[in-house]
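S.K.: So you can see what is in the structure, the chains are spelled out below.
Number of protein chains: 2
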Amino acid sequence: MNNKIEDIVRQDIKKIAPYVPGKPIEELQRAYGLGIEKIVKLASNENPLGPSHRVVEAIKRCADKVSRYPEGSGYYLKNKIAEVFNKPTEEIILGSGSSEIISMGMEVFINPGEEVMYPTPSFQIYEILAYKIGAIPVEIPLKKDFSYDMNMFLERITSKTKVIILCNPNNPTGTIIYKKQMDEFMRQVPDDVVIISDEAYREYVDTDDFGTAEPYLYSKNIIITRTLSKIYGLAGLRIGFGIARKEIIGFMERIRPPFNTTIPAQEAGIAALDDKEYINRSFENNIKGRVYLYSAFDSLGIDYIPTYANFILCRIPNATEVIKELEKRGIIIRDMFGIGPEYVRISIGTEEENLLLVQNLKELL
Amino acid sequence: MNNKIEDIVRQDIKKIAPYVPGKPIEELQRAYGLGIEKIVKLASNENPLGPSHRVVEAIKRCADKVSRYPEGSGYYLKNKIAEVFNKPTEEIILGSGSSEIISMGMEVFINPGEEVMYPTPSFQIYEILAYKIGAIPVEIPLKKDFSYDMNMFLERITSKTKVIILCNPNNPTGTIIYKKQMDEFMRQVPDDVVIISDEAYREYVDTDDFGTAEPYLYSKNIIITRTLSKIYGLAGLRIGFGIARKEIIGFMERIRPPFNTTIPAQEAGIAALDDKEYINRSFENNIKGRVYLYSAFDSLGIDYIPTYANFILCRIPNATEVIKELEKRGIIIRDMFGIGPEYVRISIGTEEENLLLVQNLKELL
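Sequences listed follow chains A and B, in order. Following my numbering, the numbering of the first sequence begins with 20 at its first residue and continues without gaps. Following my numbering, the numbering of the second sequence begins with 20 at its first residue and continues without gaps.
Everything labelled a hint here was simulated from the structure, so no lab data went into it. These numbers come from a predicted model, not from an experiment. Heads up, some of the hints might be wrong.
The list cannot tell twin chains apart, which means a pair is met if one copy fits it or any two copies do.
Heads up, simulated DSS-like pairs for lysine-lysine below, C-alpha to C-alpha not over 27 Å straight-line [claimed, not checked]:
#1 Lys79 x Lys99
#2 Lys57 x Lys295
#3 Lys42 x Lys84
#4 Lys106 x Lys33
Start from the sequences, fold in the hints, and give me the full structure.
M.R.: As structure tokens, this is what we get:
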């Protein structure tokens, strides 16, 4: 056989750079042989408190049921979400993380050759998904201070624009679209453009000025994506959900993989949504950690972007070296050199983890 | 807003009929208020023995780790698969069930407007995936006895044919492609056509004449998909894998959702692959159950297609009524009326479940 894989692969696939996730704890252990208790992972915006004890119990309870397929649609978890978020069940769809909801939203609406617009720097997945479905990615840069320039989105809309993805709060900058900006944007955006509002981090937002897309669910074509990976502490179970009008959910259901969420994820999801105490504690931990890290960064001369999420984008002098040195000491943070030299993203950890990070930064800077 | 969702949705999406899964146990309970101990589900080709005790332990062990993201690539599970199936790790990719592997394989190679060929009747997902990516589905009917007509595949190949999916053993018929047929097919199929060989049920095959695509992994463009949902007993965790040459896996990795398998699935997968005793017991249970059901069907005058999998396609007189009546008695089987009237697919259960089914069929026929 003349080996012609390169020739028969779709051209768009070749444009995709593989996603680089935050370094897993096990990888660092493999590399440096460190014990698991020693490692502090501040690289993937996970909930540093560990899962809710109710979640742990729910998983254990369903462990002997996993030889059966999950309920495809996630009946009970959807009912719980409907109750907690005050929406009818028909306006909810479950996904393997919210990124699968974003993927399905794009696949339902975007024909090959049509455009999908999203901010940059932002979540790397948007570009991968665009190429995967043969869409034309149109990247809209944030302003110099990493705030959103909503006018630029409006200006760049063409007859080929099918979907606009907004990441709010934006990853990895922690900046948000304010209510006023969102109102103005929604007033002007054409009705035949679908807005996917990725609100994975919104539980951490502590301002009333946050511009969720929710008020526009019934007046525009909107898909809001939410996740249980962040404040709800279920990153390892891959569970997120989308909220949209019934007609939109109906089309997304046609391409939803029949069993896209697992039994433990569905059971743990219900438990996580029920544990208000854990959610509050996670929120408080994040606010406290942010205050502490801001003041530590100030005293260390580290520039940072004020954040509304559970991570902080900052510039650390000599970042490549510092990241490597921190890893040797068992602390993982994430380089964001795609944005510019010295940019790193640090997830807010527990009090103890933040302290450890700061102590080590002090020694290294 | 003039509500124009219908106008902006992709045309192909409208062609997709939603996937209808086997009725979950909970759904029957909701409908008839039956207690869970009473329900016998023979509708989704699951392992009726329940998960391996090693799997249950593995899930419980990792329950408190789920606030972290999984290792995206599934390092340890891939190593285990590499060991068990005697392949280098670079030739393995993990998926959320093997259907995600099929999906990625199609997405990597098929441009919109190109053709994907697959048997009919077969797994409904192939058609859904084809429309999802804008491919043209070309359905190749099995022969009247539901055996494969490989010549028809070859005859229908055009310059637009990009992928051929083979389901072997075929779901829902239980028929296989024999070694000789596969050899002949591989000799003739063009090198620039990619073959996806869906071998989800191959662990149940008890003939040496089975024609796996494995011998052609390095001489043709092949993706073999395997699952841990069936004999390994992990349907509820969504975990499968693909085997292909390194170059092919490399392209698939570019579109693999970064965290497509969960922590419990990865941990349970390792445990399941290690439990040879459970796998053997599951295999034996299936062979025994098949012998028993064949003879019961014979004496009840039920026509069936001899199967190499863990399910039997048969024709039951007055099937609609019988299915309904069985459900009232807590037994779920699956109608296959898409094939023709009276066709049903019955998964082989435990000894006790098979007995219960036969007793009830006797009463109803």
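S.K.: Each hint needs a verdict: does it hold in this structure or not?
M.R.: Now the hints, each set against the structure:
1. Lys79 x Lys99: both (20 Å within a copy, 24 Å between copies)
2. Lys57 x Lys295: neither (30 Å within a copy, 35 Å between copies)
3. Lys42 x Lys84: Between copies only: 16 Å across, 32 Å inside.
4. Lys106 x Lys33: Result: close only across copies, 25 Å inter versus 41 Å intra.
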